[in-house]
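Peer 1: Since the structure of chain A is provided, determine the placement of chain B on it from the hints.
Protein chains: 2
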Amino acid sequence: MPHSPMTQSREVRLTSRPHGLPQAANFEIATTPLPPPGEGEVQVKNLFMSVDPYMRGRMYDRPSYVPPFEIGKALQGGAVGEVCASNSAAFRPGDLVSSMLGWREAFNAPPQYLQKIDAQGLPPQTFLGAAGMTGMTAWAGLTKIAGVKAGDTVFVSAAAGAVGQIVCQIAKLKGATVIGSAGGAEKCAWLRDLGVDQVIDYKAEPDLTAALGRAAPKGIDVYFENVGGEHLVAALNAARPFARFALCGMISNYNDTEPQPGPSNIIMAVGKRLRLQGFIVSDYFDQTDAFVSDMTAWIRAGQVKWRESIDNGIEAAPNAFLKLFTGENIGKMLVKLD
Amino acid sequence: MPHSPMTQSREVRLTSRPHGLPQAANFEIATTPLPPPGEGEVQVKNLFMSVDPYMRGRMYDRPSYVPPFEIGKALQGGAVGEVCASNSAAFRPGDLVSSMLGWREAFNAPPQYLQKIDAQGLPPQTFLGAAGMTGMTAWAGLTKIAGVKAGDTVFVSAAAGAVGQIVCQIAKLKGATVIGSAGGAEKCAWLRDLGVDQVIDYKAEPDLTAALGRAAPKGIDVYFENVGGEHLVAALNAARPFARFALCGMISNYNDTEPQPGPSNIIMAVGKRLRLQGFIVSDYFDQTDAFVSDMTAWIRAGQVKWRESIDNGIEAAPNAFLKLFTGENIGKMLVKLD
Numbered sequence: 053m054p055h056s057p058m059t060q061s062r063e064v065r066l067t068s069r070p071h072g073l074p075q076a077a078n079f080e081i082a083t084t085p086l087p088p089p090g091e092g093e094v095q096v097k098n099l100f101m102s103v104d105p106y107m108r109g110r111m112y113d114r115p116s117y118v119p120p121f122e123i124g125k126a127l128q129g130g131a132v133g134e135v136c137a138s139n140s141a142a143f144r145p146g147d148l149v150s151s152m153l154g155w156r157e158a159f160n161a162p163p164q165y166l167q168k169i170d171a172q173g174l175p176p177q178t179f180l181g182a183a184g185m186t187g188m189t190a191w192a193g194l195t196k197i198a199g200v201k202a203g204d205t206v207f208v209s210a211a212a213g214a215v216g217q218i219v220c221q222i223a224k225l226k227g228a229t230v231i232g233s234a235g236g237a238e239k240c241a242w243l244r245d246l247g248v249d250q251v252i253d254y255k256a257e258p259d260l261t262a263a264l265g266r267a268a269p270k271g272i273d274v275y276f277e278n279v280g281g282e283h284l285v286a287a288l289n290a291a292r293p294f295a296r297f298a299l300c301g302m303i304s305n306y307n308d309t310e311p312q313p314g315p316s317n318i319i320m321a322v323g324k325r326l327r328l329q330g331f332i333v334s335d336y337f338d339q340t341d342a343f344v345s346d347m348t349a350w351i352r353a354g355q356v357k358w359r360e361s362i363d364n365g366i367e368a369a370p371n372a373f374l375k376l377f378t379g380e381n382i383g384k385m386l387v388k389l390d
Numbered sequence: 053m054p055h056s057p058m059t060q061s062r063e064v065r066l067t068s069r070p071h072g073l074p075q076a077a078n079f080e081i082a083t084t085p086l087p088p089p090g091e092g093e094v095q096v097k098n099l100f101m102s103v104d105p106y107m108r109g110r111m112y113d114r115p116s117y118v119p120p121f122e123i124g125k126a127l128q129g130g131a132v133g134e135v136c137a138s139n140s141a142a143f144r145p146g147d148l149v150s151s152m153l154g155w156r157e158a159f160n161a162p163p164q165y166l167q168k169i170d171a172q173g174l175p176p177q178t179f180l181g182a183a184g185m186t187g188m189t190a191w192a193g194l195t196k197i198a199g200v201k202a203g204d205t206v207f208v209s210a211a212a213g214a215v216g217q218i219v220c221q222i223a224k225l226k227g228a229t230v231i232g233s234a235g236g237a238e239k240c241a242w243l244r245d246l247g248v249d250q251v252i253d254y255k256a257e258p259d260l261t262a263a264l265g266r267a268a269p270k271g272i273d274v275y276f277e278n279v280g281g282e283h284l285v286a287a288l289n290a291a292r293p294f295a296r297f298a299l300c301g302m303i304s305n306y307n308d309t310e311p312q313p314g315p316s317n318i319i320m321a322v323g324k325r326l327r328l329q330g331f332i333v334s335d336y337f338d339q340t341d342a343f344v345s346d347m348t349a350w351i352r353a354g355q356v357k358w359r360e361s362i363d364n365g366i367e368a369a370p371n372a373f374l375k376l377f378t379g380e381n382i383g384k385m386l387v388k389l390d
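In order, the protein sequences belong to chains A and B.
So in our numbering, spot 240 of the first sequence is number 292, and the numbers just go up one at a time.
So in our numbering, spot 230 of the second sequence is number 282, and the numbers just go up one at a time.
Just chain A, with the same shape it has in the complex:
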């Protein structure tokens, strides 16, 4: 039975721009009244909010591929929710939808801001994770940017993170040998469960280049970059000629207050003819159908699994976000709303 219409909504606002690691004081939870949906509008009660590292970039006031978050306004972020009232013929109460309209419990919006989800029996938060933007990031980076192929040796950093865990499994499905790096025993055990061929606990390794050299004695053909810093240095050292690097993110640098030195061995890109290419998943949204077709087939066949770290209640969202940088999450970080 669909959720009853809401009369108010709490939301997560940015109150100040973080300097370095974000602090609880950079956020506030505000309550706003929620009127009934206007003409043609749809009211959505969110079920899960997506907690993603890229949001850190939008907390800086600087030009980027998306505008910065505004102080005093709800943070924009992905969510899945349920329609609880509708004045649009396109949606009816009970429909499952995804949106990018902010970290809030409920909202009214015109239908063009909502994507209807055919859940196919999967839990709704799957469409924020493996079957949503997270999974599509893994898919686009690995298949479109890195062009993974059978026989490749693929190195994945933050391999037990939301994107990394999917990258590892797609790479295996494509016939690659996979080396995953993660921090701590529990994450490393999860990667072994996923069938990752070689697992590096980077927190236990004094020399990441040496560790990767042992894990991939013949070198790597693909690097899926989520971390930056020493991981990028090690990947450049281990790269075979013509290796392809899909640059998805560099979380180790997101909270830098001063520019940190880049990879001292970037010159290796010349002699090894490496291709380092950055990407943003939204550039591939025109290929969503192809992704969803691949991914739902893999999920149904039990070939793609995932872990989630779920915190409860909108007031948990700021701390859930901080966990991304302290590495406390395994797999997809989510906030479940009541």
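Some clues are possibly wrong.
[Stated by the list, open to error] Derived Cβ-Cβ restraints for the label pairs, each shown as a range:
#1 A:H71 <-> B:G354: 52 to 62 Å
#2 B:F294 <-> A:A142: 16 to 26 Å
#3 A:A142 <-> B:D259: 49 to 59 Å
#4 B:N371 <-> A:D253: 44 to 54 Å
[As the list claims (entries may be wrong)] Here are the simulated SDA-like pairs of lysine to any residue, each with C-alpha atoms no more than 20 Å apart in a straight line:
#5 B:K324 <-> A:S116
#6 A:K270 <-> B:R114
#7 B:K270 <-> A:S116
The hints are simulated quantities; they were obtained by calculation from the structure and are not laboratory data.
C-beta atoms are modelled at their ideal positions from N, C-alpha and C, and glycine is treated no differently.
Peer 2: Coordinates of chain B only, in the frame set by chain A:
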């Protein structure tokens, strides 16, 4: 009239591996006897030797795309010469040939080590420069790696160097706006003569990012990388979304005795979706005919010009090589043999 056969040859040998900037003491000139060519062999008297930055890399004893130079042996390097004796039906005295058989005055070799040159009225050293490996490096990097197209804004570092001067002109021929960086007034004047749209004298600029920002207020679409260091940082800062970087070399780092910090802003490659790709001209040798066809047409039409810095006599070769790193050469650095 062809040169008479030789009975001895002087050659440039590496006597020790340079630490930092190469020194004269790292090289020696040795004289060796030269017998008549053996059965099926050809004797070549070199006319010009090519002096190239990439040779620095081969002075290190480390794995790379080409083996290191051996101590006590003649340095391998490009040369053009004239056949002065031949026991091969494929060559006859007076033929112009290019080879990679070492920095030496003359040598005997089987015909498969020689490429016959149809000079088409051009000076022989053209086939070490604009119409040789140097020009092909510019052509491959700009057209195959960076995929330059009309309307692009192209930034070229070491723009008055052997490769850079050709890159600038091909970019103009392709309809691009070109920004060239070089050190000193004479080089900058040469770039203006070539039609480069904006010239940066990097030695006179305290802030290369600011200088490039003024030269390309709307940003750059292509960066042809010859230098590394601050040039790469500035190019990353100036890059438009989806810019393509052809990584040809990073001469500012070739003599480093300790690893230097890489670009602190490499993370920009993610949000701007940049593609940084290294290349080696020899990977494109199967496209030599296409290059020669393009380049000879441009040269005949007066659309590609070049400067050369010519030192005389094989004993000048070590110092000519050092000039590459002190920036004393303009255009292609050559050694003319008597």
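Peer 1: So, for every hint listed, does it hold in this structure?
Peer 2: Here's how the hints hold up against the structure:
Distance hint check: the CB atoms of A:H71 and B:G354 are about 58 Å apart, consistent with the given range 52 to 62 Å. For B:F294 paired with A:A142, a C-beta distance near 34 Å fails the hint of 16 to 26 Å. Under the hint 49 to 59 Å, the C-beta atoms of A:A142 and B:D259, about 53 Å apart, fit the expected range. Look at B:N371 against A:D253: about 52 Å separates their beta carbons, and that is inside 44 to 54 Å.
Between B:K324 and A:S116 the alpha-carbon distance is near 8 Å, which keeps this suggested pair within the 20 Å criterion. Only pairs whose Cα atoms come within 20 Å are accepted, and A:K270 paired with B:R114 is accepted, the gap being roughly 16 Å. Taken as a hint, the B:K270 and A:S116 pair is honoured in the structure, with Cα atoms around 14 Å apart against an allowance of 20 Å.
In this structure, only the earlier hint numbered 2 is contradicted, and the remaining ones agree with it.
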